[in-house]
Every structure is written in structure tokens, then in C-alpha cells.
Amino acid sequence: MSSTVATNTSRFAADLRDSTSPSRKLRDKLFLTGLWVATLIGVLTLFFLVLSTLLKGYTRLNLSLITNFPSPFPEDAGIQAAIFGSIWVVVTSGVVSLFIALGSAIYLEEFASQSSRFNRLISINIQTLAGVPSIVFGILGLAFVARGWLGWGFTVGTASAVLTMMVLPVMIVSAREALKAVPSSLREGSYALGATKWQAISKQVLPAAIPGIATGSILGVSRALGESAPLILLGALAYVSSNPSGLSSDYTVLPLVIMKYTQEAQDEFRAVGAAAIIVLLLLLVSLNLLAIVIRDRSRKSW
Amino acid sequence: MVENMNKVMDAGVSSAAPTSDTVRGVSLRTDNAQAGSAGLPAQEMIMESRDLQVHYGDYLAVRNVNLQIHRNEITALIGPSGCGKSTIIRCFNRMNDLIPSAKVGGTVLYRGIDLYGPEANAGEVRRRIGMVFQKPNPFPKSIYDNVAFGPRVNGKPSKSETDELVETSLKRAALWEEVKDRLKQPAFSLSGGQQQRLCIARALAVDPDVLLMDEPCSALDPIATGRIEDLMHEIKGQYPIVIVTHNMQQAARVSDRTAFFNTEVDADATRPTGVLVEYDATRKIFSTPSDPRTEQYITGRMG
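Those sequence lines, one after another, are chains A and B.
Mapping of the first sequence onto this note's numbering: residues 1304 to 1605, in sequence order.
Mapping of the second sequence onto this note's numbering: residues 9 to 311, in sequence order.
Among the clues, some could well be false.
As the list claims (entries may be wrong) - A short, non-exhaustive set of chain A residues, derived as facing chain B with CB atoms under 8 Å:
1) S1488
2) L1489
3) A1495
4) Q1507
5) A1511
Stated by the list, open to error - Listed next, the stretches of chain B that the computed footprint assigns to chain A, with coverage defined by at least 3 CB atoms under 8 Å from CB atoms of chain A:
6) 102-115
7) 138-145
8) 205-211
These aren't lab readings, by the way, just hints derived from the structure by calculation.
Here a beta-carbon is modelled for each residue, glycine too, at the ideal position from N, C-alpha and C.
Full structure from sequences and hints, please.
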């Protein structure tokens, strides 16, 4: 009797032993190494880029960089006009596109009939626009906003309008996703208490979608902050020695100041360019951090 | 619209009583006399469906449902999956309006007024006929704001009125003692059973006339279920309750009347359609049902 139990035990023990073949283990390791290498390539590239930029620009990373305006002398040259230009352009286009994107996303997600052909056409159109190269928006802005029909010239207003057009599709798509992620039990719960459609949307659905909408919008805004191609066509590549004072002012933006300084022959000017890159990176990182903070603070579980 | 509806509804109360008896005589499988013989006292009828049927697109999901909901009673809807119980209960407060493909035929009368008629506003219907869902669905807000949401969307109560409403609603839902010290905490900090009682409190806060419950205990453990069932007994005098349940023991425990639904494949259809097989006093359904299909179901030989 006891011997049967013993043999049984040893048989089960044999079943628990690792029977994975060595070649399978090797493949496991190779796969894991592959994943590590892929991750490292991204991280290391960024690290060396930032490091080499810092090394080139650290001499100019001082207060005069952000207090001074452009100058023929590299040691006096600063980027304040570009910083303020970027802020003007990005804030105006961000605010305008946020409201338009919210409106269209709410309409398309909550009101529009999902089976209507017209609405599906609009959706496909928006998704396509999100993939259009930014230079195309620049050409559009040059033809219809700066010149032609609107004739706003090379101003902050023109740049904001074009960046709005460029950022809108991305923002609409992400706001729609955020609204779609709100569970329908929230809508049902509101309706069951006698709420109207607008009450259900404004008091329950929108507040629940804010984290998603905010994240998407801030990512859209950071795209606008780093954008250069359409603004080259719209007069931002100029020598601007004053901060914008309104929508009709001349302007320049950080990416184009970087482009201008890094093309200069003198090392001292290129140092200003490198320092400006660091400033732009800092702005982008802080925008992304803001997105993360908003997302985490209002994260909800249901 | 709200005032209008009130007038119509007040008119409905007085006119419903004299006409209701003839209505019962014509369209019912089980009239009041039969129910009375099963030991239920005669009660005023609050809601009634006549030849109610629902299509989803071309598919007839449930047909020819004639049900009466009475004051002071709990009515249970039982039957196998897919027999249209939830579809029917969602017709009673026009929640099916939210499904674009759903098409409701027949009539649902609430105190003599057609819920799908031109005088009825869906929001006002839902305020008077409250609903509790299968899965507890508190809003991602504080306990207080969850209860206060209904009163707020239906008017502008003052701070003290809201405070009072929140307290009485939570007391009616037997949740006050557990949450009175943490009203400002998120509703999701509550347990599943507490969340469901919060949803009941939320529904009671708009002072409905009828309470619909769509499998309110299917996501809860037996203890939480017991508390909800006790609660249903406590409030049924104030709010007639219609409950959909998968659990026959629950139907037998809590309800005064039971409607048994089943599925049938109609001659010209490919998918089964729900039908109301039998509607009677719960005691009769579970002891001496008149339809053999009901007997098969309650004895566990079907479904």
C-alpha cells in the first residue's frame, strides 16, 4: 500500500519537473534581448541627442537668452521674441481648436446618427485630414488666410488659424475616443432620473471624459508648438525684434529661430540655436507633464 | 411641458378608476377576480401594457404582452434568457427610446395615459417611473452628488432642500447609517451592495411613482441581495415595484405577482420571440400554475 503511494508521488514529481527544451529557452532569451535592444535604441538616441545639444548650447543657457531679442552679435542674441511668438500662436490656436473640437466631437459622438452616410463621410474626412502633411495646411493658409480672400498677412492670427486647422482633426479624433470610452451606464443612469440629453452630456458624460479630452488636446498643442513647415510659408522665418502685441503683429516661433541660428556660419550663433532647442524641449516636456498630471488627477474607475 | 404633463396625469388618476375594470375584462389572460381568488387583495392599477410588442430592426423580440402593475405590490418578471423581460421593463419608462433600432408597438398606460402618446415627454416619464439597473452604476461623483443629481436636473432645489432630500432618500434605501459620515467620498469607495442601494436611493430621490428594477441583485452576493430584498419589502407600500429576475427563488420570496415569459419561434421567423405565458399571483404561479410551460420552468425542466 505504502509503496503504491510512494511510486505515485514520484510519478507526479516527475510531471512537475521543467521539461522545456534548451532551444525553447534560448529562443525565449533571444526574444527578450530583442525587446531590450529595441527599447534601448529609442532611449539612447534621445539621450545622445539631448547630450550633444547641451554640450553645444550650454554656454548660452543663461538669462540673456530669454531676455534678449535677436542681434547681429551672437553674444547678445536672444530668443525672447520667439518664445512669446510661440506662446501667442499656440495658446490662441489651442483655445480655438479646443472649443471647435469639443463641439464637433460631441455632435458626432452623441447626437449624429451613426448609420447616416453623411456623418460617416464627415468621420472619414476628419480621419484623413489628421494624416495630411502640415506643409499642405501651410499652402492652404498662404492662399486663403494670409493672401487672397481673408488677407490677414504674415501675422500671429494667420499662424494661429493655420495651426488650428492642422491640430483640429487630431483633437476631434481624440475627443471622440474619450467620449466613446465613457460607459453607457452613465448615460442610462442620467436618463433614468429624468435628465434631458443635454443634462446627461454636460453633467455626466463630459466631466467623465475630461481626462481623455485634456490629454488629447495637450498632445495636439505640443504638436503645434513644434511645428515649423507651414509657418515657413507664413512669414515666421523673419528677423523679428519685438514681442507680438496682438493677433495682427509680426511674429516668429521657436522652431524657426532654431532653424535660422543653426544655419549660421559662426559657432557662437549655433550655440544660441542649441540653447533654443533646449528651451523648446523644456516647454514640450512641461506640456506633456501637464497632460499626465491632468490625466492622473481626474482618473476615475467605473 | 412639465406642468402640462402634471395636468394630464392628475386627470388620468381620476379617469383611470372607472374605465379600468372594463379594460381588464377585455384584454387580460388573468383578470382581477382570479388574482383575488389566489389571495391577493384588490389594488388600484398603476400601469398597464396592452398588446405590447417590441421590434429590434426587423426582428420581433417580444409580442402581445398584457401586464398590469398594481399599487402596494411587487411584480416579478421571470423566464429564460432572451425571452424579452428586460425589453419589456425598459418599455415601461421609455428606456428603449435610447436604442435607435427599437420600435415599440401596442400601448403602455400609466394611470390611464399612453406613455408613448403625444402628451408624454420621455424625461418626465422616466422621472415618475424610476429604474435601477443590473450592474450598480453610480456616477463617478461623491455619494451626496449621486443622490442629489436627480433632484438637480429636475429643478433647482436649495442647499437645505437638497440636504434633506439626500438624507431621506438614503434613509429610505437603508444606507444612511453606513454613509452619513462620508457623504463627500466617491461613490466608488462603497461595496457593490452599497452601490446598488445608493442607486436605489438615487432613484427614490426624484420621488418616483413606480420603481423598475432590472435584475438588481445579479451582481451581488447573497447578503447584499438579502438587504435589497428587505428594502424592497419596506418600500413597496410607497413605490410599486416591477423586478426582472433570473432567480426564481427571489421572485417567489419578494413578489406578489409573477409574470412568466418564454420564447417561441413564430412560423414566419427564424429567431425566437418572447411571449408572456402566464401572469398571476406569485403563490399561484409557484404552486398551481395554469400553463404546463410555467410548471416545467419552475420545476426546473426547462430554461
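Each hint tested on the structure:
no., hint, in the structure
1, S1488, "holds, 4 Å"
2, L1489, "holds, 6 Å"
3, A1495, "holds, 4 Å"
4, Q1507, "holds, 6 Å"
5, A1511, "holds, 6 Å"
6, 102-115, "holds (count 3)"
7, 138-145, "holds (count 5)"
8, 205-211, "holds (count 3)"
The structure shown violates none of the earlier numbered hints.
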